[in-house]
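*Asks:* Chains as they are written, first to last, in this note's numbering: chain A, -8 to 336; chain B, -8 to 336; chain C, -8 to 336.
Some hints here could point you the wrong way.
Any copy, or any two copies together, can satisfy a pair, since identical chains are not distinguished.
Claimed, not checked - Here are the simulated EDC-like pairs of lysine to aspartate or glutamate, each with C-alpha atoms no more than 16 Å apart in a straight line:
| # | residue 1 | residue 2 |
| --- | --- | --- |
| 1 | Lys110 | Glu131 |
| 2 | Lys110 | Asp128 |
| 3 | Lys191 | Asp206 |
| 4 | Lys191 | Glu134 |
| 5 | Lys191 | Asp264 |
| 6 | Lys191 | Glu32 |
| 7 | Lys64 | Asp16 |
| 8 | Lys64 | Glu37 |
| 9 | Lys191 | Asp79 |
| 10 | Lys64 | Asp295 |
| 11 | Lys301 | Asp264 |
Because the hints were derived from the structure by calculation, they are not lab data.
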Amino acid sequence: MPDPRFFTASGPFTAADLAERTGADLVGDAKLRIAAVAPLEAAGPEDLTFFDDPRYRDHVGLTRAGAIALRPKSRALAPHGAVLLLSDNPHRTFALAAAMLFPEPSLEPGIAAASHITKQARIGARCAIEPGVVVRDNAEIGEGCFLGSGASIGRGVVLGAGTRVGANASISHAVIGARVNIYPGARIGQDGFGFVPDAKGHVRVPQLGRVMIGDGCEIGANTTIDRGSGPDTVVGAGCWIDNLVHIGHNVQLGRGCIVAGLSGIAGSTVVGDFVAIGGQVGIAGHLRIGAGAQIAGGSGVIRDVGPGEKVGGYPAVPIRAWHRQTASIARLARAEAAGPAQEES
Amino acid sequence: MPDPRFFTASGPFTAADLAERTGADLVGDAKLRIAAVAPLEAAGPEDLTFFDDPRYRDHVGLTRAGAIALRPKSRALAPHGAVLLLSDNPHRTFALAAAMLFPEPSLEPGIAAASHITKQARIGARCAIEPGVVVRDNAEIGEGCFLGSGASIGRGVVLGAGTRVGANASISHAVIGARVNIYPGARIGQDGFGFVPDAKGHVRVPQLGRVMIGDGCEIGANTTIDRGSGPDTVVGAGCWIDNLVHIGHNVQLGRGCIVAGLSGIAGSTVVGDFVAIGGQVGIAGHLRIGAGAQIAGGSGVIRDVGPGEKVGGYPAVPIRAWHRQTASIARLARAEAAGPAQEES
Amino acid sequence: MPDPRFFTASGPFTAADLAERTGADLVGDAKLRIAAVAPLEAAGPEDLTFFDDPRYRDHVGLTRAGAIALRPKSRALAPHGAVLLLSDNPHRTFALAAAMLFPEPSLEPGIAAASHITKQARIGARCAIEPGVVVRDNAEIGEGCFLGSGASIGRGVVLGAGTRVGANASISHAVIGARVNIYPGARIGQDGFGFVPDAKGHVRVPQLGRVMIGDGCEIGANTTIDRGSGPDTVVGAGCWIDNLVHIGHNVQLGRGCIVAGLSGIAGSTVVGDFVAIGGQVGIAGHLRIGAGAQIAGGSGVIRDVGPGEKVGGYPAVPIRAWHRQTASIARLARAEAAGPAQEES
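Pulled out of the complex, with its shape left as it was, chain A reads as follows:
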């Protein structure tokens, strides 16, 4: 059961409630009371768990969970008597049930006396604004926004309804959609890295663009998104960007992209919809990454990537070629260690 110091349970709910609200098909005791969620091996009789990863196939039959979300084809694996929530996406069923059992705390609207909001800013209804927040002239904060302590909102910035800004984050020169979740310490809209190299002193290139972020995005903790140099930097709706990611000026991300931690995308690169980028990936500037492409963690991308292509390595190549290269170099080194190095003869 989640620590009550940090999470508030809204349940228990009956299995029937969970099935109805998550859209799953119910098999078994509709009145079973479910209070929490847990992984297969840790779940107890009041917990919902889920199974979807074949690697855990042997764990399903042993779970003590009261209810299991799983695919219809897997139902025979479940222990006798367990309540089943059947769907084609059991992880999604589990996530929706968890959000029902432990909903995010509802906003307590109110503007702290110790916040600093200029008269020229517009604040929507039912916002929660904590101490130390600064909102500058002509900013427009939508309805039901949360601004965490110490957050800095620059002149003219627009936040859509229901957007949340974590503690000590800063935003300038940006137009941000609805229901965007900006984590603590994120930096959005500062100057891009634009200058003309010159031995007498590099000359700054004024950065005259914005950051445009679509609805429903997640922007991770301490992540940085620079504003455009003239064109805008764009993050499409529904992108999930992890912590400590750097997005350079004029980058365009399509809808639903996933960018894992410590990755960087250099200036003016265009990324299509639903691209998945692993952790610590570097993508050079002025490239095109096609929709649906997948880039393995740690890769360094220095050429365009086609739609749906899977690449890995440094420099990145098609993922199968990378695996072959890795195997070849290992064989070569082993062969040289075992016998005379013919290449040097």
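Starting from the known structure of chain A, arrange chains B and C on it as the hints suggest.
*Replies:* Then chains B and C, alone, in the frame of chain A:
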């Protein structure tokens, strides 16, 4: 035209004004009014654009820009009737004109009532200090500095005239020059990563040095620069450091170095003047990187690099050798995939 | 001598005092006054230096230091007349002496009027809480804690005695031990990167775990540690985590681990005690890294690592194999450059 919510135009200016102020030679209608700047393909009759990259050679003749900054040798490429601003560095001309048309907003001097400045701190004339700023004992803030909301300035810290500190940045144990631009969330002067490993508990090594930053540097958002352990950590004048960069204790950067995002330089490494370091580069500790060296993005440097040397790869080697290695391993893997792997016979 | 604007000397002390307090054996003038510490080549007659790295063997005899910490076996290297502090760990002796000569400034207890502490929070005795700090309901701050300006402490968070939180750091959903040192801008306890991918909009998986941090840890500047998804994210006692490190949800670090800057550990990976992780290392999720393992800087780890194993490369392999691979590929590329590429014939 840049979004007026974020940028204030000071123009239009005549082509003659722009030529004079940027030092370019004017060809064409001296009275043409220029209001903004834009890339070749987006510019219109009131815009200045520029051409310097041969890859865009075919775009020059098609631009609708009223004025074009370009090199004298390229003037034949410009469309008939366009006003020309000729110079040996058209990008620089463009940057200077852009700064003239959209100057950074001038500081509005004033110290917010909700800032926290001890009586033992000295604040220069015409500073702008926002709410939530803390300035501790004996700090010396030069004339015309900007301290963004929530910035933390430690005891004894010195900031030169015209230095800007972004929102929620923190600075301690540091002496910083004039006209330095510290972006939001940057961390300067905290303890270096210094300890004696010990199974009974690693023993902290007191970090008794400082951070010294020269005039005119840029320190990117959420970048971290640790103070020295005894010697100082030094950033030479005119360095441009991007976001999410880590500079370890005792590192010395020469003048005019460029460090792109997510790079890290480990303790005590000495970097010469005008070194260019790509994104996500790692440089091990206690190395010497010669003046004018260039390090490709993603490289891992574990040996000294000579002056003017260009290196790449992990571990980094001369850039040509890295390209050859990349080609060789690709050929080897293809050959093995195509036929029997002779190395294993 | 350290800059008195930033460091306060508590000495000088006699050599006998230093020997006694650090547990070293004294050879020479017990009454020699030592005021500061310095490296071999910079030390003067009132300084303590140390020697332990054989690479500096030639420097020992030339040092002008008044006192030298070194191993008993190295004492013959010291210049005539120098006072010796003999121990098996001279760097540790040096560190302890430095901490004695320049102790961290003692806390000045007090709660700033401009901090924001709810009545439901409990604050231990002798805490120092700076302006702009926010402490939310039911948080428990131990005795003698320091909360730097702008720090954000979430509902229910527990900090052990003597823990220090740097400026503008934020902590939520976390139980933190005693004497933990959290650097400025660190982000602890925010949502992990948990979602179910879905073309209609990725579905958030509620993150219902915590961050548990053991006693005596260091958490670097702008480092991010996400809370668990259900299980907790755990950092064992005595870990040293550098700047700009990302620790994903459900990661478990054992005791005394060292993680250098810009490294990332993906979700659910379990790291044993006293593992040493270099800079810019990436470790994939759901792996096991055995106790005492060492991972070279820049490595990308995608398989389990055994206890005590040393690995390097991308993807990481045993460190010797990596060095052989690096040499082999260099030879191959040179051979191909020198003669006909037989693999392509």
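*Asks:* Could you check the structure against the hints above and give me the numbers of any it violates, in ascending order?
*Replies:* 4, 6, 8 and 10
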